[in-house]
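So the sequence lines, in the order shown, correspond to chains A and B.
Add 31 to the 1-based position in the first sequence for my numbering, that's all there is to it.
Add 223 to the 1-based position in the second sequence for my numbering, that's all there is to it.
Treat the hints with care, since some could be wrong.
As the list claims (entries may be wrong) - Simulated DEER-style distance windows between Cβ atoms:
(1) B/Asp254 - A/Arg64: 52 to 62 Å
(2) B/Ala273 - A/Asp108: 54 to 64 Å
(3) A/Leu114 - B/Gln255: 30 to 40 Å
(4) A/Asp108 - B/Ile640: 46 to 56 Å
(5) A/Leu114 - B/Asp572: 25 to 35 Å
Unchecked claim - So the derived list for chain A, only partly shown, Cβ under 8 Å to chain B, looks like this:
(6) Leu114
(7) Glu138
(8) Val140
(9) Ile141
(10) Phe143
(11) Ile144
(12) Lys148
Everything labelled a hint here was simulated from the structure, so no lab data went into it.
We treat Cβ as the ideally placed atom computed from N, Cα and C, and that holds for glycine.
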Amino acid sequence: MTDLSQYLPILLFLVVALALSSAFVFLPMGVSRLTGTYKPTEAKLAEYECGFPAFEDSRSQFDVRFYLVAILFIIFDLEAAFLFPWAVSLGETGWIGWGTMMLFLFELVIGFIYAWKVGALEWE
Amino acid sequence: MELNASLSLVRPEIILSFSALALLLLAAWKDQAGRLISILAVAALGAAAAFTASALGSGASAPAFDGLMVNDAFGNFSKLLIYIAAAVSLTIAPRFLEKAGAMRAEYPVLIVLSCIGMGIMVSATDLISLYIGLELQSLSAYVLASFVRSDGRSAEAGLKYFVLGGLASGMLLFGASLVYGFAGSTSFAAIGLAMDKEVGLGLIFGIVFILSGLAFKISAAPFHMWTPDVYEGAPTPVTAFFASAPKVAAIALLMRVVLEAFGSQVLVWQQIIIAVALMSIIIGAVGAIGQQNLKRLMAYSSINNVGFILIGLATGTEQGIAAMLVYLTIYVAMTLGGFVCLMQLKDKDGNYREEFADIAGLSKTRPALAAAFAIFMFSLAGIPPLFGFWGKLVVFNAAVAAGLLPLAVIGIAASVIGAFYYLKVVKVMYFDDAADVIADSDDKVLVWTGGILAAANSPLGYFAIPVLGVWTAVAAKALF
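Using the sequences and the accompanying hints, generate a full structural model.
Following this line, the structure appears as structure tokens:
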């Protein structure tokens with residue numbers, strides 16, 4: 032039988048996270064009802080989804096430039112995702128790890144320069 | 224220092240990586256310099272090939288990066304083939320892409336990036352590095368397939384390839400996670416050790432998923448459905464590239480995974496490989512019969528050839544692997560030659576033609592082109608005096624030596640069916656009334672490349688057998 036007590040910290044974390052996030056959702060709702068600022072309009076009640084109406088024909092056209100921004104965001108977002116495990120293991124990997132990450136960032140910078148130069152970052 | 228030793232073992236990949244980055248920056252500033260960048264990319268591939276050849280000559284085998292990759296004769300032989308095929312696809316491309324209005328400087332950069340991925344694929348000895356190489360190659364290939372953006376067929380090819388390729392990568396990853404879970408390691412050597420004792424159901428599922436994902440990448444039946452559409456839609460130089468270099472890389476990868484990771488349990492994967500080989504041979508032969516488009520015909524021909532190559536793998540012997548490498552080399556020469564001929568089919572307005580009706584009576588208007596095309600078709604059909612026959616001979620020899628006589632017999636029977644459509648191309652060119660739509664070719668590069676490849680496929684190719692035999696034997700030895 033596995034000793035479950037070693038997972039106590041993560042259980043506590045989950046409880047605290049659940050309590051806090053519930054508070055963030057329900058506290059403003061309760062406060063607004065009690066203070067009288069509760070005035071629902073159609074726009075306020077609509078689901079928020081990236082600035083598009085949430086329910087309509089999915090075949091509607093929208094600007095392809097959104098895709099470009101999203102793709103660039105994903106690429107440079109991944110860079111940040113790689114930085115976290117790298118940062119906590121830097122003590123183990125030492126200078127070689129540092130050099131490897133700098134090389135990785137250098138390559139990303141070249142990709143960034145390319146994207147900038149060909150105009151992928153310009154909206155108009 | 225260990226890192227330095229590792230880095231010196233992947234010198235070709237480092238050369239290609241830095242060239243790709245430099246060429247990318249050049250491409251950003253000089254978008255119209257596609258030809259100059261193509262030449263520089265071919266030079267980079269040449270430099271990488273020179274290092275690979277010298278490593279192949281020394282015949283050493285050394286692990287790099289703590290067993291993530293290995294530098295051995297097998298990997299070096301495959302890399303050499305890949306770099307040569309990629310350089311040919313770069314050389315023949317500019318005229319075609321300029322006509323389509325798509326000769327952008329990114330084309331050579333993408334090919335070089337794809338070659339880095341293929342270099343990692345063929346030298347990977349770990350499921351992680353395998354996947355990194357495979358994805359680097361595939362992502363470049365998806366973009367290449369849709370390179371002529373204004374052409375609807377090219378965009379369709381890119382999208383189809385991307386969606387189905389993503390599915391195949393997912394299956395491969397799922398299989399890799401199962402194998403890791405049941406074998407306890409991602410390293411091929413450790414998986415091989417874990418499989419020595421016993422193979423549970425979970426591990427077999429993992430192997431089946433990995434083989435399915437890789438069968439998709441080499442377009443072997445029953446995972447071939449994307450091939451005709453992608454080959455037809457992609458620009459012809461890109462199709463020539465798809466049919467040669469990535470196929471070599473994926474087949475080499477399959478050989479290494481099967482023999483180094485799963486080698487101790489031959490019975491587990493042998494049935495799968497035999498089934499895939501037979502299905503590919505038969506579907507490739509029968510599916511091509513009704514095709515009117517020559518690029519689709521070449522797609523089915525490549526499915527058919529992959530089947531023959533897999534017969535060598537099904538034997539699981541050193542002789543079989545050497546035979547596969549011989550066949551792969553000859554296949555690259557045959558298929559590149561076929562596509563170079565296809566690219567010379569231009570009408571008087573400079574439009575590219577690719578239908579059967581267009582080549583009717585080609586021997587009367589363009590005798591040299593028709594003769595070259597006929598050589599490639601006879602060679603693909605495996606008619607004796609031509610080089611393609613030798614590939615089939617060594618593969619069937621290995622199958623018989625390994626006791627797989629029924630497999631060899633079915634393979635030979637199916638190659639007779641396949642001969643029908645290869646000979647149909649020759650018959651239409653030589654015995655039909657001249658359609659007279661194909662104008663004289665003005666592209667010297669294509670004429671020369673086609674001529675050299677035709678010479679390699681003619682009986683002159685047999686002079687290469689002593690060298691080819693020695694190298695493939697050394698390369699095959701590295702896997703055992």
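Here's how the hints hold up against the structure:
no., hint, verdict
1, B/Asp254 - A/Arg64: 52 to 62 Å, "60 Å, holds"
2, B/Ala273 - A/Asp108: 54 to 64 Å, "39 Å, violated"
3, A/Leu114 - B/Gln255: 30 to 40 Å, "37 Å, holds"
4, A/Asp108 - B/Ile640: 46 to 56 Å, "52 Å, holds"
5, A/Leu114 - B/Asp572: 25 to 35 Å, "55 Å, violated"
6, Leu114, "18 Å, violated"
7, Glu138, "6 Å, holds"
8, Val140, "10 Å, violated"
9, Ile141, "5 Å, holds"
10, Phe143, "11 Å, violated"
11, Ile144, "7 Å, holds"
12, Lys148, "4 Å, holds"
Hint compliance for this structure: hints 2, 5, 6, 8 and 10 are not met, and every other hint is.
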